[in-house]
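Dock chain B against the given chain A, drawing on the hints supplied.
Heads up: the protein sequence lines correspond to chains A and B, in order.
With the numbering used here, letter number 103 in the first sequence gets 103, and the count goes up by one each step, no holes.
With the numbering used here, letter number 103 in the second sequence gets 103, and the count goes up by one each step, no holes.
Everything labelled a hint here was simulated from the structure, so no lab data went into it.
Heads up, the beta-carbon is just placed ideally off N, CA and C, and yes, glycines get one too.
Careful, some of the hints might be misleading.
As the list claims (entries may be wrong) - In silico EDC-like pairs for lysine to aspartate or glutamate, Cα to Cα no more than 16 Å straight-line: (1) A:K97 with B:E100; (2) B:K97 with B:E52; (3) B:K41 with A:E9; (4) A:K59 with A:E9; (5) A:K79 with A:E56; (6) B:K41 with A:D39; (7) B:K55 with B:D65; (8) A:K97 with B:E59; (9) B:K97 with A:E9; (10) A:K63 with A:D82.
As the list claims (entries may be wrong) - Partner residues are not named here, just some residues of chain A that face chain B (Cβ under 10 Å, in silico): (11) Q6; (12) V27; (13) G32; (14) E45; (15) Y51; (16) S52; (17) K97; (18) V99; (19) G101; (20) G103.
Said to hold, decoys possible - Calculated Cβ distances over 12 Å to all of chain A for the following chain B residues: (21) V4; (22) V11; (23) G16; (24) V19; (25) E22; (26) Q42; (27) N51; (28) D65; (29) T75; (30) T82; (31) E87; (32) V113.
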Amino acid sequence: EDQVTQSPEALRLQEGESSSLNCSYTVSGLRGLFWYRQDPGKGPEFLFTLYSAGEEKEKERLKATLTKKESFLHITAPKPEDSATYLCAVQFQGAQKLVFGQGTRLTINP
Amino acid sequence: GAVVSQHPSWVICKSGTSVKIECRSLDFQATTMFWYRQFPKQSLMLMATSNEGSKATYEQGVEKDKFLINHASLTLSTLTVTSAHPEDSSFYICSAKTGEETQYFGPGTRLLVL
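Extracted from the complex, chain A is given alone in its bound form (with noise of 0.2 Å):
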């Protein structure tokens, strides 16, 4: 069965310190793993496609990678603004729909 597991649940960070969120799959097939922000009452922010493992994405402090078996989200120096919860999804080959992980809430405190 296609699973997609995301650890911690949840994570408190001071302001500054560096961390990573994990996110593991066991799909038969990878199309392509995408990483989502969600905020409180509002719909998922687009941040990372992933496609094949060794692959590594950017975005200010942000950093996403990708090996055969899981993904890191690595968070570098966090401001208060980057707390919210982090949704790791995976897409199987053949498919259309994206398997969903639980998210990692992420609170950064200032």
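This is chain B only, laid out in the frame that chain A set:
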């Protein structure tokens, strides 16, 4: 680019009435649109996938007669919740994509059924 809008942003209705939610891709043509439901502090749950001009494909457990989806054009899809009941109260989110794989999400519609 890649902006998706939803209307209304929130709606309150009485039990037994029907509610229509619109999802529009504002700056691109969406060959495929998706409808999700999200409960508090939970992740997104896919309800159905719709391709322009075709019948929607519903996920297992989603009642197609209760959640009517129409994707009449490349920029508009609608979700109608028929005979709504309090248990249908939720946050409904649509997404859209072109030929690329990335789905772009709307801001969501909060439905409260009294």
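Here's how the hints hold up against the structure:
{"no.": "1", "hint": "A:K97 with B:E100", "verdict": "13 Å, holds"}
{"no.": "2", "hint": "B:K97 with B:E52", "verdict": "11 Å, holds"}
{"no.": "3", "hint": "B:K41 with A:E9", "verdict": "11 Å, holds"}
{"no.": "4", "hint": "A:K59 with A:E9", "verdict": "23 Å, violated"}
{"no.": "5", "hint": "A:K79 with A:E56", "verdict": "22 Å, violated"}
{"no.": "6", "hint": "B:K41 with A:D39", "verdict": "11 Å, holds"}
{"no.": "7", "hint": "B:K55 with B:D65", "verdict": "12 Å, holds"}
{"no.": "8", "hint": "A:K97 with B:E59", "verdict": "10 Å, holds"}
{"no.": "9", "hint": "B:K97 with A:E9", "verdict": "28 Å, violated"}
{"no.": "10", "hint": "A:K63 with A:D82", "verdict": "13 Å, holds"}
{"no.": "11", "hint": "Q6", "verdict": "9 Å, holds"}
{"no.": "12", "hint": "V27", "verdict": "14 Å, violated"}
{"no.": "13", "hint": "G32", "verdict": "5 Å, holds"}
{"no.": "14", "hint": "E45", "verdict": "7 Å, holds"}
{"no.": "15", "hint": "Y51", "verdict": "8 Å, holds"}
{"no.": "16", "hint": "S52", "verdict": "13 Å, violated"}
{"no.": "17", "hint": "K97", "verdict": "6 Å, holds"}
{"no.": "18", "hint": "V99", "verdict": "8 Å, holds"}
{"no.": "19", "hint": "G101", "verdict": "7 Å, holds"}
{"no.": "20", "hint": "G103", "verdict": "5 Å, holds"}
{"no.": "21", "hint": "V4", "verdict": "8 Å, violated"}
{"no.": "22", "hint": "V11", "verdict": "14 Å, holds"}
{"no.": "23", "hint": "G16", "verdict": "27 Å, holds"}
{"no.": "24", "hint": "V19", "verdict": "18 Å, holds"}
{"no.": "25", "hint": "E22", "verdict": "14 Å, holds"}
{"no.": "26", "hint": "Q42", "verdict": "7 Å, violated"}
{"no.": "27", "hint": "N51", "verdict": "9 Å, violated"}
{"no.": "28", "hint": "D65", "verdict": "21 Å, holds"}
{"no.": "29", "hint": "T75", "verdict": "17 Å, holds"}
{"no.": "30", "hint": "T82", "verdict": "23 Å, holds"}
{"no.": "31", "hint": "E87", "verdict": "20 Å, holds"}
{"no.": "32", "hint": "V113", "verdict": "18 Å, holds"}
Hints 4, 5, 9, 12, 16, 21, 26 and 27 from the list above are not met by this structure, while the remaining hints are.
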